[in-house]
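Undergrad: Chains A, B and C, in that order, give the protein sequences.
Note that this note's numbering gives residue 136 to position 136 of the first sequence, counting from 1, and the numbers run on in steps of one.
Just add 1000 to wherever you are in the second sequence, counting from 1, and you've got this note's numbering.
Just add 2000 to wherever you are in the third sequence, counting from 1, and you've got this note's numbering.
Note that these hints are calculated values from the structure, not bench results.
Predicted model only: the values in this text are computed from it and were never measured.
Please note: incorrect hints may appear among the correct ones.
[As the list claims (entries may be wrong)] Taking lysine-lysine pairs in the DSSO-like style, the calculated list, with each CA pair at most 30 Å apart, reads:
#, chain 1, residue 1, chain 2, residue 2
1, A, K136, C, K2097
2, B, K1025, B, K1268
3, C, K2097, A, K180
4, A, K149, A, K195
5, A, K74, A, K6
6, B, K1268, A, K156
7, C, K2062, C, K2097
8, B, K1268, A, K67
9, A, K67, C, K2097
10, C, K2015, A, K6
11, A, K141, C, K2097
12, A, K157, B, K1239
13, A, K180, A, K141
14, A, K74, C, K2062
15, A, K133, A, K149
[To be verified] Some chain A residues near chain B, calculated using beta-carbon distances under 10 Å:
#, residue
16, Y100
17, S101
18, T127
19, L130
20, F165
21, A166
22, A168
[Said to hold, decoys possible] Calculated Cβ distances over 12 Å to all of chain A for the following chain C residues:
#, residue
23, W2014
24, F2080
25, K2122
26, I2129
27, L2137
Glycine included, C-beta positions come from ideal geometry on N, C-alpha and C.
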Amino acid sequence: MPHFLKMGVILMVVGLIATAILAGVEGITREPIAQSQRQELLNALAKVLPAGFDNSPVEDQVQLADKRINRQAKEVPFYRARKGGAPMAVAFLVSAPDGYSGNIDILIGVDSLGALTGIQIVSHAETPGLGNKIVKTDWPKAFVGKSLKNAKWAVKKDGGEFDQFAGATITPRAVVGAVKRGLEYFAENQDKIFKTPAAESAK
Amino acid sequence: MSSTTLLTPSSPHVHGGLSIPVIMKTVIWALLPAAAMGVMVFGWSALFVMIITTLACVVTERLFNAVRHRASTLGDQSAALTGLLLAMPLPPNTPWWICVIGGGFAILMGKQLYGGLGYNMFNPALIARVFLLVSFPVQMTSWPAPAPLLSDKALSFAEGLATIISAPFNTPELLDALASATPLGQYRMEVSLGHTVREALGGSYGFDLFSAAGGMIKGSLGETSAILLLAGGIYLLRKRIITWHIPISMLAGTLLPAIIFWYTDPTKYPDPLFHLFTGGLIIGAFFMATDMVTSPVTPVGQIIFGLGCGLLTYLIRTWGGYPEGVSFAIVIMNAAVPLIDQYSRPVIYGKAKTHA
Amino acid sequence: MSDNVKEIIVNGFWKNNGVFVQMLGMCPTLGVTTSAENGIGMGLATMSVLVGSNMVVSMVRKAVPNDVRIPAFIIIIAAFVTIIDLAMNAFVHDLHKVLGLFIPLIVVNCIILGRAEAFASKNTVMGSILDGVFTGLGFTFALTLLGSVREILGSGQLFGHVLFGADFQPALGFILPPGAFIALGFILMTYKWINERSANKS
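Starting from the given sequences, assemble the full structure and let the hints guide the process.
TA: Here it is as structure tokens:
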């Protein structure tokens, strides 16, 4: 056997063994990984949805898209919570494109009357110690119970009612704006959001 | 070596008369009018800030000498100058412990760890300011309104002291109440909201160039009085401590793009005089970029360096993450100095020009 | 304990420490050490890969010819990194989310290829495992130390516990990238100082 062929075969054998082992490991970990990801989603939903629904919002989801929810109008899942079949609340992801550095993704929960049941910052890249106070403090709690009608949707500096932080106005302003746009979308499309049949393959 | 031997020293044989302590002292004198104006405009706390940073620098220098078993280098006056230069761009009521950290950082990290005066790569005062700005953004961007001494808004000596004194690593309570934006910060914020420059700076904010040039605006304790800083700069030019190349090219580097953008859209970009008289452009151009250790040697190199500083300042002010960019711009260009020196070396007499 | 074993331990953990002396693996060292917890997590993940790759490389060292040993080692290392990546994702999901991007990058950590090439390819399986454990522990120690220093100075916390009360203003610069370089510099200085002192004594 020529030298180069021998080397190639040896490498191939090493590669094959490695691949076989990896395939095995992937098989073992596939279920736990899916489980953890699902648990993560459930934890987040539990934080923004009100208690008392009797369906599974993860399975009862629809994909909708709008420019107000994220700038690229990508489809995002709407997780619907119902009680006895009647719409109770919905949770979906809004994205603020105008944060201090990069997008801020916020999971918001809205009840059927249009009031917020909770918001959670899912991902962001804001400055530690300044903008990241949106996750380090209980600032998001101020949103609970707020609706388009009963709140002035701006930070205090701009004449609204939400706190900004010393030295950081841009981040809270972006979050407030994005949540407001999400509420507006919900107000206009409430029927569509609750009545569209659930997507078949809810993953 | 025997002391009786006659030695012919190597050139240069004629000494210009300038020594390091003389240079440093002259620069301190040139800074003092603007510093005094800072105290007049912002009250006693500005004086305390200057004293604390200067003391912190001097003490750090002496301690480092002692730790390394070296003779004291306080005589060259450079530590005192670093302290004063560090104080100038600080808010007039910076908490005392930030002043101490800044002074210690400037001397230790900015100068002595590189090997002392002459070996440092970055301007010590500026590198310390950049460190403070990224580390304590809230305190470093809380600007009080002017409260001139002898006016009825003025704080007493004790009140001035109280605005900067707190437990270590805590913010004095008085500070929170005073926080607001400088004209540059105001401009950036309002324009990002879709307002025009006129709306951002006129009206309720009451910005006018006359008070900006005189120093009666919100801002750091020693950067605001553009006219006195300009006078100090001209004094340094007259005394031949600095040459015109860096200051003029740095001002041009900021003002040329400012004129171009202002001409294309005056609602979005403020006029060049705004850029000239707010923030730290003038003190940066005359006192900080011209630091002999951290600027290029040849006139051509100095002009490239100055243009780079000015252009970066404009870029950061207009599109960057911070409203003011002078210190970042100069620190970035400091890093480029060895490269600039390499490519701006004059051709030695008698040597043919090499075409690379 | 035989001298040989003792030498492996002392070399791996202290005398030839991957971070302090060899200055390898700087990307995770500077990148993830914003807190002590991240440092310890990254260190242990790297150590698991190191032990695995050292063991297998040593096992196959006679079967793999010299010409293709580097690509073969890389495949082995990459396989272990993927295993650790999947296992962490499945069983310590939260830590995996924090370390995220840096886990796959363990592949290019030069400490691992360095130990495979310099030690495991020439030594017995048991010796290689021991070397992997203590080099890995040395790396973990370095990252945890750097992470602790940065967390204390930059967030006023250690392992997530607030140290100085609510009004304490930490120096944010230390959890930003420049702080990593400054803190590592001072740790290196201390390391050299300790070694110099013990050399002077003996």
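Undergrad: For each hint, tell me whether it holds in the structure or not.
TA: To see whether the hints hold, each was checked on the structure:
1. Proposed proximity of K136/A and K2097/C is supported: the alpha carbons are some 17 Å apart, at most 30 Å.
2. Proposed proximity of K1025/B and K1268/B is contradicted: the alpha carbons are some 43 Å apart, above 30 Å.
3. Note on K2097/C and K180/A: the hinted pairing holds, with a Cα-Cα distance of about 29 Å set against a maximum of 30 Å.
4. In summary, the hint linking K149/A to K195/A is supported, as the alpha carbons are separated by about 24 Å, within the 30 Å threshold.
5. As the CA atoms of K74/A and K6/A are separated by approximately 51 Å, the hinted pair breaks the 30 Å bound.
6. For the proposed pair K1268/B and K156/A, the alpha carbon gap of about 25 Å is at most 30 Å, so the pair holds.
7. For the suggested pair K2062/C and K2097/C, the alpha carbons sit about 39 Å apart, so the restraint of at most 30 Å is broken.
8. Restraint check: the Cα-Cα separation between K1268/B and K67/A comes to about 26 Å, which is no more than 30 Å; the hinted pair holds.
9. Only pairs whose Cα atoms come within 30 Å are accepted, and K67/A paired with K2097/C is accepted, the gap being roughly 29 Å.
10. Between K2015/C and K6/A, the direct Cα distance comes to roughly 40 Å. Violation of the 30 Å bound is thereby established for this hinted pair.
11. Between K141/A and K2097/C the CA atoms are separated by roughly 24 Å; this keeps the pair inside 30 Å, and the hint holds.
12. The hinted pair formed by K157/A and K1239/B fails the criterion: a straight-line CA distance of about 48 Å is larger than 30 Å.
13. For a cut-off of 30 Å, the pair hint linking K180/A to K141/A stands: about 15 Å separates their Cα positions.
14. A distance of roughly 54 Å separates the Cα atoms of K74/A and K2062/C; the hinted pair therefore is violated under the 30 Å criterion.
15. Taking the CA atoms of K133/A and K149/A, the gap is about 27 Å. The hint holds against a cut of 30 Å.
16. With a cut of 10 Å, the hint placing Y100/A at the interface with chain B holds, because the nearest CB-to-CB distance is about 7 Å.
17. This hint holds: S101/A has a C-beta 8 Å from the nearest C-beta of chain B, less than the 10 Å allowed.
18. The restraint placing T127/A at the interface with chain B holds, with a minimum CB-CB distance near 7 Å, inside the 10 Å limit.
19. Evaluation of the L130/A hint against chain B yields a held restraint, the C-beta minimum of about 6 Å falling below 10 Å.
20. This hint holds: F165/A has a C-beta 8 Å from the nearest C-beta of chain B, less than the 10 Å allowed.
21. Because the closest C-beta pair between A166/A and chain B is about 5 Å apart, less than 10 Å, the hint holds.
22. Look at A168/A: its Cβ gets to within about 8 Å of chain B, closer than 10 Å, so that hint holds up.
23. The Cβ of W2014/C lies farther than 12 Å from every Cβ of chain A, with a closest approach of about 32 Å, so its non-interface assignment holds.
24. Annotated as non-interface, F2080/C brings its C-beta within 12 Å of a C-beta of chain A; the closest such distance is 9 Å.
25. Non-interface status of K2122/C relative to chain A is upheld: no Cβ of that chain comes within 12 Å, the nearest being about 19 Å off.
26. No Cβ of chain A approaches the Cβ of I2129/C within 12 Å, the least distance being about 18 Å, so the stated non-interface status holds.
27. For L2137/C, the non-interface assignment is confirmed: its Cβ lies about 25 Å from the closest Cβ of chain A, beyond the 12 Å cut-off.
Checked against the numbered hints above, the structure breaks hints 2, 5, 7, 10, 12, 14, 24 and satisfies the rest.
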